[in-house]
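Chemist: As they're listed, the protein sequences go chains V and Z. FYI, in numbering that gives the first Met the number 0 the residues of the first sequence are 0 to 268. FYI, in numbering that gives the first Met the number 0 the residues of the second sequence are 0 to 255.
Just so you know, the hints here were simulated from the structure itself, not pulled from any lab data. Warning: the hint list may mix true and false statements.
[Unchecked claim] Which chain Z residues face chain V? A few, computed with CB under 10 Å, are given here:
{"no.": "1", "residue": "LEU31"}
{"no.": "2", "residue": "LEU94"}
{"no.": "3", "residue": "VAL106"}
{"no.": "4", "residue": "PRO110"}
{"no.": "5", "residue": "ALA114"}
{"no.": "6", "residue": "LEU181"}
This one's a predicted model, so the numbers in the text were calculated from it and none came from an experiment. Glycine included, each C-beta is placed from N, C-alpha and C at the ideal position.
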Amino acid sequence: MTSPALPAAPAGAAKVAARKRHLPSLLGLNLLSAALGLALWVLLSQLQIAGLPGPLAVLRRAGELVASGALFVDAAASLRRVLIGFAIGTLLAVPAGFLMGWYTLARGLLEPYIQFFRTIPPLAMIPLAIVFLGIGEVPRIFVITLAAFLVSVISTYQGVVGVERVLINAARTLGASDAVVFRRVVIPASTPFILVGMRTGLGAAWSTLVAAELIAAQEGLGHRMQQAQIYYDLETIFVALITIGLLGMVMDRMLLALDKRLTVWQERR
Amino acid sequence: MNATARKIEFDDVCCTFELKGEPFRAVDHVTLSIDDGEIVTIVGPSGCGKSTMMNMAAGLQEPSDGAVRVDGRPVHGPGPDRGVIFQQYALFPWLTVRQNVGFGLQVAKVPRAQADDTVLRCLRLVGLEAFADALPKTLSGGMKQRCAIARAYAMNPKVLLMDEPFGALDALTRVTLQDQLLDTWRQDARTIMFITHDVEEAVYLAHRVVVMAARPGRLHKIVPVALPYPRTEAMRLSSEFLAIRNEVWDAVYHQH
């Protein structure tokens with residue numbers, strides 16, 4: 000993370016300047032890419048490949064779904080599941096990761112299970128979750144929680160294990176007890192890792208959502224898509240997909256902004 | 000003041016640890032004492048145990064045999080009575096310069112106003128008061144190490160233990176920091192144990208240069224530096240200085 004011998008300030012300033020110069024052109028490329036994608040979409044829909052609906056048809060359907068309120072009901076249901084699952088998963092993962100990183104005992108006891116369950120896709124737990132937890136909201140949130148937890152716990156653990164020894168030693172020579180070292184060195188030093196874990200955990204939560212809504216859901220974006228699939232209603236599928244993408248992106252941006260705020264102190268390359 | 004005036008004592012100290020399953024004797028029966036207000040530098044080839052000596056004095060490494068004493072009391076674990084300066088600066092990157100320097104005071108629950116005064120005084124001592132609110136990532140290597148030195152001074156330690164503190168700096172910055180260190184020392188006469196691999200630095204700073212030998216790590220030779228303080232640039236070029244430097248160089252590089 001730190002590079003001792005480098006004259007940090009001038010190099011950093013030059014890098015910032017370079018990034019600033021590239022910023023407008025990068026944004027321009029992003030817009031160009033979006034425009035090209037849209038054009039390709041229009042072209043493919045004009046060719047009538049597999050009944051692909053065009054952007055306008057999808058937009059019209061989105062308008063209908065907004066007008067009837069169905070889109071809000073579905074989005075709210077899905078968002079609620081993702082947020083609850085993500086929150087529980089993260090709240091469990093951070094302390095578990097800290098315990099594993101800090102105490103050999105906790106690492107020895109917890110790590111085999113976490114490494115084992117990590118190799119099982121959370122979706123593969125759905126049949127078991129249905130048997131044990133029924134077909135209500137609980138198994139859906141359970142699967143999303145599991146997905147977010149497994150990603151976050153590993154990241155937090157690696158953050159704690161990766162705290163530079165010399166920082167811990169420096170704190171101890173300044174009179175810090177183990178508890179103080181933990182609170183004032185280990186936690187801040189592993190914050191960047193926790194935030195990376197949260198971002199990937201959020202992605203995992205969203206990617207588990209649709210399948211979790213296979214479990215006899217009455218509403219939700221995933222449920223809506225499954226219904227639409229039965230009726231060959233491609234426009235609705237597209238509306239739901241784009242909504243998931245946009246919601247996921249907005250939440251990821253929010254976490255990224257939090258990350259930037261909390262870790263300004265990091266030396267970035 | 001201690002009657003014997005011995006500030007740091009290594010009393011027949013051994014230190015062995017496991018290295019790839021093999022027992023490795025890093026320090027073998029070392030006896031050395033450093034007087035109150037004395038500057039002792041330790042040089043030697045890699046693997047001679049000089050960093051282990053420093054870790055034992057800091058309390059970061061327990062000796063396997065013998066005793067290490069600071070101010071007459073056996074060392075067990077690290078503590079703020081011994082200021083430690085690491086080669087890698089070891090600043091907390093999420094804290095500003097001011098917060099880094101105040102870290103130990105805050106841990107010791109020193110009242111806020113008093114801590115603020117101490118921090119400011121230490122920042123002035125190393126000339127960093129203009130950068131008090133900067134984050135470490137914006138500082139040069141020399142400034143980072145000055146911040147680390149201020150952080151150690153803030154605890155008003157009895158001794159300073161410095162582990163190749165200027166090793167990662169460019170030659171010019173290194174010389175400047177050596178002079179600053181000696182300036183501060185002339186004001187407070189704090190005992191300093193200073194590890195380095197730079198023979199010239201070792202001679203320039205010290206009352207005595209301790210040369211160690213490797214495998215197992217042990218004392219090889221102690222070279223007294225009979226040059227007065229303040230040490231000056233002209234002194235570096237004097238024949239006396241060069242003679243001592245050559246003697247130390249010989250002791251480090253031709254250990255038969």
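Chemist: Taking the earlier hints as the rules, which of them does this structure contradict?
Modeler: Numbers 1, 4, 5, 6, in rising order.
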